[in-house]
Amino acid sequence: MVLIAGESQLTFNNFTSTVVFEGSMRLANLTEYEKVSEFLKDSAKSVEKNLILDLSRLNFLNSSGITTLSMFIIGLKKLQVTKLKVIGSHSISWQEKSLPNFNKLWHEVEIAFE
Amino acid sequence: MNEKIIGQYDLTPENMPAEGSLEVKIQPIDMVTYWKRCSAIADFVARFYNVNEKNHANENLISTVFNEIIENAAKYSTKRDSEIQVDVKLYNTILKIQVQNTCNKFHCETLENRMRILLSEDTDLNELYIQEMEQKANGTKESGIGLLMLLKDFQISLGLKTIDLGSDLYHVIFQVFYLMQEEE
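Those protein sequence lines, which keep their order, are chains X and F.
887 is the number of the first residue of the first sequence in my numbering; add one for each residue after it.
-5 is the number of the first residue of the second sequence in my numbering; add one for each residue after it.
By construction, these hints were calculated from the structure, which means they are not laboratory data.
Just so you know, these numbers come straight off a predicted model, no measurement behind them.
We put the CB at the ideal spot given by N, CA and C, even for glycine.
One or more of the hints may lead you astray.
Said to hold, decoys possible - Computed from the model, here is a short list of chain F residues facing chain X with C-beta under 7 Å: (1) Trp29; (2) Ser33; (3) Ala51; (4) Leu55; (5) Thr58; (6) Glu62; (7) Ile124; (8) Lys130; (9) Ala131; (10) Gly138; (11) Ile139; (12) Gly140; (13) Met143; (14) Phe148.
Starting from the given sequences, assemble the full structure and let the hints guide the process.
Here is the structure:
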């Protein structure tokens, strides 16, 4: 399952239960991010228990994108069905600043840096 | 002429000589009709000020900070017959990003109020982030979190000056002072 969103690509791998983000995701507003939100919800429904969001190849994500991921995490927290791991990269600076915030929204989110 | 100043406006004095200076003028209508231009300018400014080809930490952060500021200016500027003026100056390890534009009273007051909340000593930015994200998830909050995110997670200071031009038109001068990360 693949989604092209602006200059970014999201790929869901059913065997590894992983959504891989690549490129630069800076869509204009939350309405434009709805397709990303739906893609993530569909991916979560496809896994049995654990979902991985691999952001380690996502060079940029704007605040509307951070908001979209945050709302997705809050949604998972409410359902308490899927466990979430987020993978970031030390070599992409914004990720070191912003990804730890996801753990503040839901303490069970695992954040790992490569 | 009614002027208001909020935050650390003119943290670096206007007459202080800069080590690098870049000026760009763009039209808001060009940005909103082709959104990718926000990102293109952010990446250009970041590359211009990244002097270390082996370390891209500052480049990634400058682009991220700049992109949020220019997206806001593009979204909330008056769209016709107006321009966004960007001035970027480097003072040793401080990068000053100044964005000037015009907007209506509603957007001007919304920005002023947002800045007062974000810069208040009583505001816990981490708590505010969690609170606003939960409100957004419940559909009860519409405004963005760009400035909150920058102030909370990036090493920046913010300053704002607004000038009432009359006829529901306001001149907004927004300043960001970014402390460059030390090169490894």
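Cross-check of the supplied hints:
1. Evaluation of the tryptophan 29(F) hint against chain X yields a held restraint, the C-beta minimum of about 5 Å falling below 7 Å.
2. The interface hint given for serine 33(F) is met, as the beta carbon of that residue sits about 5 Å from the closest beta carbon of chain X, less than 7 Å.
3. At about 5 Å, the closest approach between the beta carbon of alanine 51(F) and any beta carbon in chain X falls short of 7 Å, and the interface hint on this residue holds.
4. With 7 Å as the threshold, the beta carbon of leucine 55(F) comes within range of chain X, its nearest partner Cβ sitting at about 5 Å, so the hint holds.
5. With its C-beta approaching chain X no nearer than about 5 Å, threonine 58(F) sits inside the 7 Å limit, and its interface hint holds.
6. For glutamate 62(F), the suggested interface contact is upheld, since its CB lies about 6 Å from the closest CB of chain X, less than 7 Å.
7. Given hint, isoleucine 124(F) at the interface with chain X, holds; its Cβ is 6 Å from that chain's nearest Cβ, closer than 7 Å.
8. Below 7 Å, beta-carbon pairs count as interface contacts, and lysine 130(F) has one with chain X at about 6 Å; its hint therefore holds.
9. Restraint check, alanine 131(F) versus chain X: the minimum CB separation of about 4 Å is within 7 Å; hint holds.
10. Checking glycine 138(F) against chain X by beta carbon gives a least distance of about 6 Å; that is within 7 Å, so the hint holds.
11. Given the 7 Å rule on beta carbons, the hint for isoleucine 139(F) holds: about 5 Å separates it from the nearest Cβ of chain X.
12. With a least beta-carbon distance of about 4 Å to chain X, the hint placing glycine 140(F) at the interface is held under the 7 Å criterion.
13. This hint holds: methionine 143(F) has a C-beta 5 Å from the nearest C-beta of chain X, less than the 7 Å allowed.
14. Contact between phenylalanine 148(F) and chain X, as hinted, is supported at the beta carbon level, the nearest pair being about 6 Å apart and thus within 7 Å.
Taken one by one, the earlier hints all hold for this structure without exception.
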